[in-house]
Amino acid sequence: MTRPILLKIEGISKSYPGVRANDDVSFSVGEGEVHALLGENGAGKSTLVKMIYGLVRPDEGKMSFRGAAYTPGKPGEARASGVAMVFQHFSLFEALNVAENVALGMENPPPMRELAARIRAVSEEYGLPLDPARMVGDLSAGERQRVEIIRCLLQDPKLLIMDEPTSVLTPQEVEILFRTLRQLSSEGTAILYISHKLEEIRSLCDEATILRRGKVVATCTPREKTARELAEMMVGATLSPPERHPGEKGEVVLGVTDLSAPSPIPFGTSLKGVSFTVARGEVLGIAGVAGNGQDELLLALSGELRSGADRVRIGGHPAGDRGPAERRKAGLVSAPEDRYGHAAAPDMSLVENAFLTGAIRRGLTKNGFIDWAATRTFAEEVIATYDVRTPGSHVAARALSGGNLQKFLIGRELDQTPEVIVINQPTWGVDAAAAAAIRQAILNRAAEGAGVVVISQDLDELLEIADQFAVLNEGRLTKPRPVQGLTIEEIGLMMGGAHGMEVAHHVEA
Amino acid sequence: MDFGGINPVILIASLMVAAVPIMLAALGELVVEKAGVLNLGVEGMMIVGAICGFITAVNTGSPVLGFLGGAVGGAALSLVFAFLTQVLLANQVATGLALTLFGLGLASLMGQGYNGIKPPHTLSVPMGPLADIPVLGPILFDHDWMVYMSIALVAVVWWVLKATRLGLIIRAVGESHDAAHALGYKVNRIRLGCIAFGGAMAGLGGAYISLVRVPQWVDGITAGAGWIALAIVVFASWRPWRVLIGAYLFGGITVLQLNLQAAGSAIPVEYLSMSPYLITILVLVIMSSGRGRAALNAPASLGQNFHAAR
Amino acid sequence: MLRLEKRPTPSRFWLYATPVVAVLLTMIAGGLLFWLLGKNPLAVIKTIFWDPIFGEFAFYLRGQLLVKAGPLILIAIGLSLGFRAGIWNIGAEGQYIMGAICGAGVALALYPTESRLVFPLAILAGALGGWAWAMIPAILKTRFNTNEILVSLMLVYVAETILAKASTGFLRNPEGSGFPGSRSFSTFKAAGNPELIAGSGLHWGGVAALATGVAAYVLLSRHILGFQIKLAGQAPRAARFHGVNPEKLVILCMGLSGALAGLAGLFEVTGPAGKISIDFNVGYGFTAIIVAFLGRLNPLGIVLAGFLMALTYVGGEMAATNLGLPSAAIQVFQGMLLFFLLGVDVLTNYRIRSAFTGAR
Chain D
1 MTRPILLKIE
11 GISKSYPGVR
21 ANDDVSFSVG
31 EGEVHALLGE
41 NGAGKSTLVK
51 MIYGLVRPDE
61 GKMSFRGAAY
71 TPGKPGEARA
81 SGVAMVFQHF
91 SLFEALNVAE
101 NVALGMENPP
111 PMRELAARIR
121 AVSEEYGLPL
131 DPARMVGDLS
141 AGERQRVEII
151 RCLLQDPKLL
161 IMDEPTSVLT
171 PQEVEILFRT
181 LRQLSSEGTA
191 ILYISHKLEE
201 IRSLCDEATI
211 LRRGKVVATC
221 TPREKTAREL
231 AEMMVGATLS
241 PPERHPGEKG
251 EVVLGVTDLS
261 APSPIPFGTS
271 LKGVSFTVAR
281 GEVLGIAGVA
291 GNGQDELLLA
301 LSGELRSGAD
311 RVRIGGHPAG
321 DRGPAERRKA
331 GLVSAPEDRY
341 GHAAAPDMSL
351 VENAFLTGAI
361 RRGLTKNGFI
371 DWAATRTFAE
381 EVIATYDVRT
391 PGSHVAARAL
401 SGGNLQKFLI
411 GRELDQTPEV
421 IVINQPTWGV
431 DAAAAAAIRQ
441 AILNRAAEGA
451 GVVVISQDLD
461 ELLEIADQFA
471 VLNEGRLTKP
481 RPVQGLTIEE
491 IGLMMGGAHG
501 MEVAHHVEA
Chain C
1 MDFGGINPVI
11 LIASLMVAAV
21 PIMLAALGEL
31 VVEKAGVLNL
41 GVEGMMIVGA
51 ICGFITAVNT
61 GSPVLGFLGG
71 AVGGAALSLV
81 FAFLTQVLLA
91 NQVATGLALT
101 LFGLGLASLM
111 GQGYNGIKPP
121 HTLSVPMGPL
131 ADIPVLGPIL
141 FDHDWMVYMS
151 IALVAVVWWV
161 LKATRLGLII
171 RAVGESHDAA
181 HALGYKVNRI
191 RLGCIAFGGA
201 MAGLGGAYIS
211 LVRVPQWVDG
221 ITAGAGWIAL
231 AIVVFASWRP
241 WRVLIGAYLF
251 GGITVLQLNL
261 QAAGSAIPVE
271 YLSMSPYLIT
281 ILVLVIMSSG
291 RGRAALNAPA
301 SLGQNFHAAR
Chain U
1 MLRLEKRPTP
11 SRFWLYATPV
21 VAVLLTMIAG
31 GLLFWLLGKN
41 PLAVIKTIFW
51 DPIFGEFAFY
61 LRGQLLVKAG
71 PLILIAIGLS
81 LGFRAGIWNI
91 GAEGQYIMGA
101 ICGAGVALAL
111 YPTESRLVFP
121 LAILAGALGG
131 WAWAMIPAIL
141 KTRFNTNEIL
151 VSLMLVYVAE
161 TILAKASTGF
171 LRNPEGSGFP
181 GSRSFSTFKA
191 AGNPELIAGS
201 GLHWGGVAAL
211 ATGVAAYVLL
221 SRHILGFQIK
231 LAGQAPRAAR
241 FHGVNPEKLV
251 ILCMGLSGAL
261 AGLAGLFEVT
271 GPAGKISIDF
281 NVGYGFTAII
291 VAFLGRLNPL
301 GIVLAGFLMA
311 LTYVGGEMAA
321 TNLGLPSAAI
331 QVFQGMLLFF
341 LLGVDVLTNY
351 RIRSAFTGAR
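Residue numbers (our numbering), protein chains in the order written: chain D, 1 to 509; chain C, 1 to 310; chain U, 1 to 360.
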């Protein structure tokens, strides 16, 4: 089946200082086609779609849309031409309601009351239930995505760009989304689908363009390839899964009992009765869709959010009422998800950032005075051990790429001879090679006898490294189960929670 | 109908006048903060507005042109702030403070030779027989036109923010500049416009002090009114009609303490003259506590600069 | 079109160059202003920046520099610690007044005891007075989440009314035949703060200012507390992750800046000012904000900036008497300096690119 060409990209290049984000990229999307843009983090997918959406201008090359030259100077022009985009994040306003959010994404929105009616109509039609009057801050991640999708659909787009849409969805919600996308495709709307998840692309997409380091390395029909073949095209090398040396399980080093805590984050999720234990040498994987209490759980474990003394026990000693410094002293290290501003101070040097958490366990102070020489040694040791690519330990943390900084930050925690390790999103936004190295380092520490908690939204990652598996859902943690023998359906049910209702709704519609 | 030498009708009528400067300045700052910008230079913009308005009115003989001059003066000074924070990405708190320090000096410099002059009289709105109604007449129908205009401006700002697309965009920019940018809105330009509006309103408020409230030019004439206006924005939880209430409340306190001083009250003069500031602190405490109810209503990007990285 | 591009690492060159560039730009803009006022810009600039150090009356004016720089430095160093941590105490003027009233009050209560202990007691009371006045916004911030900028500023106006009451009421000189103002410290040797070396302008306040500069430098570069102050200002969430208690930091920074401002007030009122009077304060608490930024919030920078600002005061007075320059012009000049500094500062973290080479 050949379709008339909708969007044609020819020889597009775009450079940023030090990076060639896109290099001579060419491909085309047919009308009604679901076209995948596949690539690792940093392969240049986001830059490319930003150019198509008019947020960024290309340095070279040309685009045509429906046969005419296409040079959108701003998103408004792209929308007027019939191009709509659903963002990965950063395009919703939490303190505004659904209808207002939708109106902001339209060129000439109708009066609010009429708009609300149209939102209801479209959400019915595509099986995406949504109340126009609700505040976006109160919505789940899946519902927020619906706001964006409906915002796009109200403008009858010819091309819908979706940037990593499933990273925030439960398996059931992914199914609903795919049904909606197939329906759109059958009605003639083309979809440019950006992802690095291979199975999704194989089940949904008609064509795929694969990017690596800013260049197109292949164009193929994903159904005709195996996931492994796609992965190798995407990464450019064969990757081996991490080695595991399952040791003897030791005594319990981290015990959490009926931990409840209100969220300190605006529109956050409170923790409700979370209980689990982690033994020496054990890795507990905690899955869940973004915004279900992951950040809060990390804060409660790191000591930034305090609770009753007995709620959190480190090495058998009550620590729930202790702050981060005292918990480090007791042997617990942690790595938050947000690297720029939480785990690290972006404008400070790597040496200062090494001091940030290493001061206590590495003995970097004397009578309150900082031993900068010892701190530099520590920072350089982490840089060397974890293969952090940087001109030196004196550079600001913000100068490092996401993957390199993450290697530094994980290394900083792992090199403090920890008893308990808590990490939120260890490999988020990190390229495959660095991710593999980080996972291996975590497993090595577990083999040496540390108890590990890994919070992640990447199911594959958890299944690869965890011994025990649990799911955070609206601030509640399911009972941890051994990973061995767990099926993807069971995981889906654990993650589903209240979202199960909406699946049924779609079937009726 | 006097209580301890104070006539309540005159008290209410004069509090409506006393409230105008802080109401205008707070209303302007509300719009600025709604767009996500914290401009602490209100005091500076007010006093520059006061002297610009005064000079214009004295030299042209027209109070209307005077108010216009005050607004232009305040807006001009606010553009310095806008340039520094929106273009050069300077820290908003520091730049706002600089604006106040600079404005106080500039106004004092401009005002040399204008001491002791009477400005042209700002006319009352002729309400005919309405003004003669007992009690209600002097309270509601016997004021200069700026009193009515300030109330109308509250209504306009409320309507624009609530019901228009412009208002929606301003709120969106203040809520999340990243999201607004991703949708293609020019964050810094929208903020620039709001800052200029805030400056014009502060200037208008300042001009009202030197042209009607005092009415003459003295150094440091605003005496902290700009800071009180900033406090009123917090008091109002960023809602226009509550700015009106807050301004009347503070206008009332100011007038009351002045009247008590004049009436020779038993309370020492010092305590009376510090009362508006103490009450401002008290109100701030009440509004800020209670598990951040006011804070929840604050624009999420308040005080953060925006730089489109890529 | 020009466009800003964030530097990967802050520029060390511009970190030190911006204050110099800002001063030069201010001289140009200020010269323009003086010219508009009908003065010879070169003569005014020379009177302000050259004459106090090298001119005819330099022997006297150099001492005056230290007299003015002392309180500015003392206050600015305290403020800079808070500013670094993102804690905005802008009511130093009030803390300065309250320190002066408390310190002078204690000393005058002991009049006419001629004991060596009077002056140390007064110093202690001065620091405590400023500290207590700064504790009000600090505690309100930690307990009720109240904005410390507005509260500390409101308290300046309150302190000014208390000062009025002090000089006309409870601290008025009983032998002053009813005139406002307290007993003069020049006649009360035990509580006086005289010039330590004749003609140098150095009194205990200056000593305290320089010592505080050194102490603050060590604190910020070597001590964990200094690290935490910097961290809290740059990345508040990372600071909490590190283990900083934000509330304790607020109490500490506000208290420290209040105590230093109080000390400055006490030294001023027992020394150069000589007595509590209704207008002994000349706005050092506000000017110190400019000094703190001009010194890049760095203690050694602040010491230099304090002298520079003192120069504008002393030279400004010269220009006022000799050339008839309005004193408000100096205030404008100081404000401009802060504007230029904040504006030029962008170069530390960003570089300017032409939009045509960056994106076509």
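Hints listed in this document are in silico derivations from the structure and should not be mistaken for laboratory results. Don't take every hint at face value.
Derived lysine-lysine pairs resembling BS3-like cross-links, with alpha carbons at most 27 angstroms apart [said to hold, decoys possible]:
hint : chain 1 : residue 1 : chain 2 : residue 2
1    : D       : Lys225    : D       : Lys272
2    : D       : Lys225    : D       : Lys249
3    : D       : Lys158    : D       : Lys74
4    : U       : Lys189    : D       : Lys215
5    : D       : Lys62     : C       : Lys186
6    : D       : Lys249    : D       : Lys329
7    : D       : Lys225    : D       : Lys215
8    : D       : Lys272    : D       : Lys366
9    : D       : Lys272    : D       : Lys197
10   : D       : Lys197    : D       : Lys8
11   : D       : Lys479    : D       : Lys272
12   : U       : Lys6      : D       : Lys74
13   : D       : Lys215    : D       : Lys197
14   : D       : Lys215    : D       : Lys158
15   : D       : Lys62     : D       : Lys272
16   : D       : Lys158    : D       : Lys8
17   : U       : Lys248    : D       : Lys366
18   : D       : Lys62     : D       : Lys74
19   : D       : Lys197    : D       : Lys158
20   : U       : Lys6      : D       : Lys329
21   : D       : Lys74     : D       : Lys249
22   : C       : Lys186    : D       : Lys74
23   : C       : Lys186    : U       : Lys6
24   : C       : Lys186    : D       : Lys158
In silico contact screen, one side only, chain C against chain U (beta carbon under 8 angstroms); selected entries [what the hints assert, rightly or not]:
hint : residue
25   : Leu40
26   : Thr60
27   : Val80
28   : Leu89
29   : Asn91
30   : Phe102
31   : Gln112
32   : Asn115
33   : Glu270
34   : Leu284
35   : Ser288
Glycine included, each C-beta is placed from N, C-alpha and C at the ideal position.
**Request:** Could you work out which earlier hints the structure fails to respect and list their numbers in ascending sequence?
**Result:** 1, 2, 4, 8, 9, 15, 20, 21, 26 and 32
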